[in-house]
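J.: Those protein sequence lines, which keep their order, are chains A and B. With the working numbering, you'll find the first sequence wraps up at 131, consecutive numbering, no jumps. With the working numbering, you'll find the second sequence wraps up at 1135, consecutive numbering, no jumps.
Hints are computed from structural coordinates only; laboratory data are not their basis. There could be a bad hint or two in this list.
Far from chain A, some chain B residues (derived; all Cβ distances over 10 Å) [stated by the list, open to error]:
hint	residue
1	1036
2	1039
3	1079
4	1086
5	1096
6	1099
7	1107
8	1118
9	1132
Not everything, but these chain B residues come out facing chain A in the computed CB check (under 8 Å) [unchecked claim]:
hint	residue
10	1035
11	1089
12	1108
13	1111
14	1124
15	1128
16	1131
Note that the Cβ used here is the ideal one computed from N, Cα and C, for glycine as well.
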Amino acid sequence: MSAAKKDMRTPLGRVLAHGSAKSGTGDHIRQRITAVAMVPLALFFTGFLVALTGADYETARSWLGNPLVSIAALLLVVAAIMHMRIGMQIVIEDYVTGALLRSIALIANFFFAYAVGLACLYAVVKIGFGV
Amino acid sequence: MAEQRQAVERPLSPHLQIYRVTITMAMSILHRIVGVALYGGTALVAWWLIATASGPDAYAVFQSVAGSWFGQLVLIGFTWALLHHLFGGIRYLLWDEIVATSPKAADTISWIAIVAALAGTVLVWAVIFSMRGVI
């Protein structure tokens, strides 16, 4: 029987619920916006770290605690975490086969990204507030 | 029924070894590998930030590891990976805007990205070593 076909998926694919999650475009755009944001931010922090060469602990902490530097650091961390979560997800979806392993890898990607991201944000805020 | 499906001889899509290696292809593969490396590298950034937030003792531990020959090697690699992904990534942003999409222009900006990343890495570490008085 041939009901009106509304999509290009095979019947098997439809039953297994494979196919577009309808949220890929958002990730695609997010990937590019975070990339644009990180060009100046990453270059700034590269220079910042070079300038910190040989600095002692107090100097490093006070430089990072400067409000403008702290805010730039927060922006970079947020952009980087979004960007790398999407990038790694694409890599996993391309190369990791097998339903279970794929699910584990995709979930682990979220865990790693959020854990590293929140650790960085917490540290930057702590340094910025001087506590 | 699935059993009734016959295996049909279809033309197969050529795989990697069929293609001549081009610079855009090599850069595409490298972009992913470097991206994955940077992904892991964020854990080091988190370590540095947490150490700085924690106090002089934790910071000293980080500094001793980062200052070792292996730590320095990782940091130099990190610098190159970051700049390579950054300059390589700008190509994708340009291509999104339909800039430099001809084969010749695509090759040219790929080489520019490679050279810019290497030159940037050399520049960064030349400044660092000269600030330390090593060179």
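J.: Would the hint on residue 1131(B) be counted as holding, given a Cβ-Cβ threshold of 8 Å to chain A?
T.: Cβ of residue 1131(B) sits 4 Å from chain A, so the hint holds.
J.: When the nearest CB of chain A is found for residue 1111(B), is that gap smaller than 8 Å?
T.: 19 Å, violated
J.: Quick check for students: does the CB of residue 1039(B) sit more than 10 Å from each CB in chain A?
T.: 5 Å, violated
J.: The hint names residue 1128(B) as touching chain A; please verify it with the least Cβ-Cβ distance against 8 Å.
T.: 5 Å, holds
J.: When you look at the beta carbon of residue 1096(B), is every beta carbon of chain A farther off than 10 Å?
T.: 7 Å, violated
J.: Would you say residue 1107(B) is clear of chain A, with no C-beta pair closer than or equal to 10 Å?
T.: 21 Å, holds
J.: Under 8 Å is the threshold here; is the Cβ of residue 1124(B) close enough to any Cβ of chain A for the hint to stand?
T.: 6 Å, holds
J.: Let's test the interface hint: is any C-beta of chain A closer than 8 Å to that of residue 1108(B)?
T.: It is violated, given that the least Cβ distance between residue 1108(B) and chain A is near 20 Å, above 8 Å.
J.: Test the statement that residue 1118(B) is away from the interface with chain A: the closest C-beta pair must be farther apart than 10 Å.
T.: For residue 1118(B), whose nearest Cβ neighbour in chain A is about 15 Å away, the distance exceeds 10 Å, so it holds.
J.: Does the nearest C-beta of chain A fall within a distance shorter than 8 Å of the C-beta of residue 1089(B)?
T.: Holds - the Cβ of residue 1089(B) comes within 8 Å of chain A, reaching about 5 Å at its closest.
J.: Please check whether the beta-carbon of residue 1036(B) is more than 10 Å away from every beta-carbon in chain A.
T.: 6 Å, violated
J.: Just to be careful: measuring from the Cβ of residue 1035(B) to every Cβ in chain A, is the smallest value less than 8 Å?
T.: 5 Å, holds
Of the numbered hints listed earlier, those contradicted by the structure are 1, 2, 3, 4, 5, 9, 12, 13.
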